[in-house]
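Participant: If you want the building blocks of each chain, they are given just below.
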Amino acid sequence: MYPEYMRPSLEKVAQSRNKRFELAKSGKPVFPPMMAEEREDVLSKFHPDYKTESRRKIRIGPNKGDLITTEVADMLESHSRISPDPFDLSSPDYETDILIIGGGGAGTAAAIIAMHNGAKSIISTKLRLGDANSMMSQGGMQAAVTPQDSPIRHYLDAMGGGHFDNKPELVRALTEDGPDVVKWLEELGVVWDKNEDGSMYVLHGGGTSRRRMHSCRDYTGAIILRTLMDEVRNHPDKITVLEFMPIVELILDNKGRCAGGVLYNLETEEYFTVRAKATIIATGGYGRLHIRGFDTTNHYGATGDGLVMAYRAGTKLMYMDSVQYHPTGSVFPEQIAGFLITEKIRGAGGQPLNKFGELFVFPREPRDVESSAIIRECVERKNGIETPSGRVGVWLDSPLIEMLQGDGYINKQFPAMHRQFIRYGIDITKEPMLIYPSLHYQNGGIEINDKCETSIPGLYVAGEASGGVHGRNRLMGNSVLDYNVFGRRAGKFAAQYIKSVKLGKLTLEHIHDYEQSLKNAKIKTDRIAPILLPSYTPEDVRKRQLTASYEGTLR
Amino acid sequence: MATKKAAKKKPPKQTKSKLKPKAKAKKETSKGDMVTVFIMGKAHEVPADATIMGAIEYAGYLIKRGAGCREGFCGACATVYRIPGDYKIYTGLACTTLVKKGMWLSQLPAIPGQKAIYDLDKLEPNVATIQKLYPEVFRCVACNTCTKACPQDLEVMDYIQAAKRGDIEKVMDLSFDCICCGMCAIRCPAEIVQYNVSLLAKRLYGKFLSKNSLELDKRIKEMKAHKFDKEYKDLMTIKRDKLKKKYYNRDLES
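Protein sequence lines correspond, in order, to chains D and L.
Quick note: the first sequence, position 334, residue 334 per my numbering, numbers continuous.
Quick note: the second sequence, position 26, residue 1026 per my numbering, numbers continuous.
No lab work stands behind these hints: they were computed from the structure.
Glycine included, each C-beta is placed from N, C-alpha and C at the ideal position.
Take these hints with a grain of salt, some might be off.
Said to hold, decoys possible - Not the full set, but computed from the structure, chain L residues with beta-carbon under 7 Å of chain D:
{"id": "1", "residue": "Met1040"}
{"id": "2", "residue": "Ile1117"}
{"id": "3", "residue": "Lys1211"}
{"id": "4", "residue": "Ser1213"}
{"id": "5", "residue": "Lys1221"}
{"id": "6", "residue": "Lys1233"}
As the list claims (entries may be wrong) - With a cut-off of at most 16 Å between alpha-carbon atoms, the simulated EDC-like pairs for lysine to aspartate or glutamate come out as follows:
{"id": "7", "chain 1": "L", "residue 1": "Lys1245", "chain 2": "D", "residue 2": "Glu243"}
{"id": "8", "chain 1": "D", "residue 1": "Lys412", "chain 2": "L", "residue 2": "Asp1119"}
{"id": "9", "chain 1": "L", "residue 1": "Lys1227", "chain 2": "D", "residue 2": "Glu231"}
{"id": "10", "chain 1": "L", "residue 1": "Lys1211", "chain 2": "D", "residue 2": "Asp193"}
{"id": "11", "chain 1": "D", "residue 1": "Lys238", "chain 2": "L", "residue 2": "Asp1119"}
{"id": "12", "chain 1": "L", "residue 1": "Lys1064", "chain 2": "D", "residue 2": "Glu243"}
{"id": "13", "chain 1": "L", "residue 1": "Lys1211", "chain 2": "D", "residue 2": "Glu4"}
{"id": "14", "chain 1": "L", "residue 1": "Lys1122", "chain 2": "D", "residue 2": "Glu40"}
{"id": "15", "chain 1": "L", "residue 1": "Lys1207", "chain 2": "L", "residue 2": "Glu1155"}
{"id": "16", "chain 1": "D", "residue 1": "Lys194", "chain 2": "L", "residue 2": "Glu1169"}
{"id": "17", "chain 1": "L", "residue 1": "Lys1244", "chain 2": "D", "residue 2": "Glu37"}
{"id": "18", "chain 1": "D", "residue 1": "Lys25", "chain 2": "L", "residue 2": "Glu1253"}
{"id": "19", "chain 1": "L", "residue 1": "Lys1230", "chain 2": "D", "residue 2": "Glu169"}
{"id": "20", "chain 1": "D", "residue 1": "Lys412", "chain 2": "L", "residue 2": "Asp1177"}
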């Protein structure tokens, strides 16, 4: 239930709805989309990345001297969880063809394709298999399938959304594989939304010039990932899943190739070694770093673990200065602050409105532009609505969707969103949602080519952990596609690579070297990374956690 | 883990970081309404408007098992609880269920549930498949406990009944929003693992019963024939300002 003081503003939203409906129905743009100069202006003034404190120079490692996101720089300038010395690498505890780090979309897709190419794998995952941002994507997956669309248009949309900084070969791979991914997933049993005649039901997303968003109601990620997980579990002889067992460092061989990793049992606190002919990092993003104090839409384990491991081993990061804030995170009620409200809401006709019930931006700008316009509306123009706990947001008008698409559409197409709000007495078929940008996606990551290879032979990266695919801003629906396209490619090319590789002597020497570079740069820190789990322990509790060398356990 | 030094420089991240720091400080000092809840039997004072997950973390626990997406999609945080003066066992997701005064709660770290191993390509979307892979479905006594236990408010018993009839489409439709938290399975007197039956039915529907898209097949054929190779090559090599111009001049489908 919205508090009484918000009523006058809610009434203004209701009053302007008929007029907005007529305009939307006419097919004309409901608000003029921004041209290049306007985009640059609103981004430079209001996007959180452009604040000077948002970035700092990293002092060590392959990107030394580059400006990167401050919280990421802090995380990278840290100590390893382990000292290499006690590890006997001559007799590893596990041996496999391919070690896959991360059990989300990219990891499971890679394991399945690697299997079809004759390779066995171990999936090491920090939480359960499927505890990943992939599970939470709601709105859809882009793929150019309709006759009026083409992969070339998809390419152009993705490049423009990413401010033309995307790596062309990666965007080509992304858009070129799209249609086949739709088919592949359907053959694995994904239930896509379809029209009566069997053609794909597609909507717009922010920054798309054609409707190409494929969805599974608003449980798109859950349906896809559970299908992939089920397929993984149908092959226990080929794919070993180790849950609550994250990899905390990579292992190299004496020729500088990636040769596996060090496993950590989160519960017994034991460490194990894995020897693998190839390794795929599929650890996802970093939303739980709460960059610039933002709430996040991300899952509990999104702490950027893969970035740290790969960086210590010597790979370069790309566009690590660029953070994605999803335009529509929830701000009310307080219990669901930061939660994702799918962009599909705007794809289906939902509109962001200020406290006067007025549109102030084209509803489907690329995400960074849309977010910046919402921040401008709240911060500069003071046209936001304040919540009882002091947050500010703008309305996202969902009842308009029912008018445009017909009664019952929200219940059919947005069951998750409806459920999320009805728990708190807000019926989104009748009342709008209150939203503000929320930390959502790691635009940059470990640099790869279109075979998912890195600068380290035998090390592959797929999904959100990689960088370059989306330039400095990802479009909606391109991450679900990304983890499928590059997960599959990583599985395929790693399986090909292992056929000829003969590993040398295993080493963790790079951990010593990194430690030395911290010393040389005179960096004094007691940070340890990978972070593994974020801490939400209140300050007064922390003050009493007085075990000597407290490190999150009592041992 | 974050350290003392780091903590001094930067306050540790709270579950609810605020856009306006001043409002946050005010709320913390005023302390708000508190209630007592019993987390695995131990009493803790927690904010009255907290979710169960928020309350567990407020009390100082570091959750290892029992937290995933934290938004109601992954099913990691299945929780059972009782309320004083009430005989019922309640079920909920810790991330989306609010605490209640005197609530006695326990999270279920994992749910044991059998999963059939199968080759999807060799299955048929009918009742015989259900009989073969999940014969216990036919032990359902229609007690409706599963439906009452579902935090998504799905008609679980109805989809199990549909599974008994081999109505794969109905199972898919009714169980579409299942998050596999396992609450139904843990409460079921017939020892059915409903969520895995749902998963099987969805995969059967997607693969065998969903109508084929001719447009999709046509596009895949075009891709295989390298229809777009030249256009890709052109776009990948033109200068940035030309690409920019092309982008801003492209037409938009309404």
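Participant: Hint by hint, say whether it matches the structure.
Facilitator: Status of the hints after comparison with the structure:
no., hint, result
1, Met1040, "16 Å, violated"
2, Ile1117, "5 Å, holds"
3, Lys1211, "3 Å, holds"
4, Ser1213, "5 Å, holds"
5, Lys1221, "10 Å, violated"
6, Lys1233, "9 Å, violated"
7, L:Lys1245 x D:Glu243, "49 Å, violated"
8, D:Lys412 x L:Asp1119, "31 Å, violated"
9, L:Lys1227 x D:Glu231, "32 Å, violated"
10, L:Lys1211 x D:Asp193, "11 Å, holds"
11, D:Lys238 x L:Asp1119, "14 Å, holds"
12, L:Lys1064 x D:Glu243, "11 Å, holds"
13, L:Lys1211 x D:Glu4, "49 Å, violated"
14, L:Lys1122 x D:Glu40, "54 Å, violated"
15, L:Lys1207 x L:Glu1155, "24 Å, violated"
16, D:Lys194 x L:Glu1169, "14 Å, holds"
17, L:Lys1244 x D:Glu37, "12 Å, holds"
18, D:Lys25 x L:Glu1253, "14 Å, holds"
19, L:Lys1230 x D:Glu169, "14 Å, holds"
20, D:Lys412 x L:Asp1177, "11 Å, holds"
Checked against the numbered hints above, the structure breaks hints 1, 5, 6, 7, 8, 9, 13, 14 and 15 and satisfies the rest.
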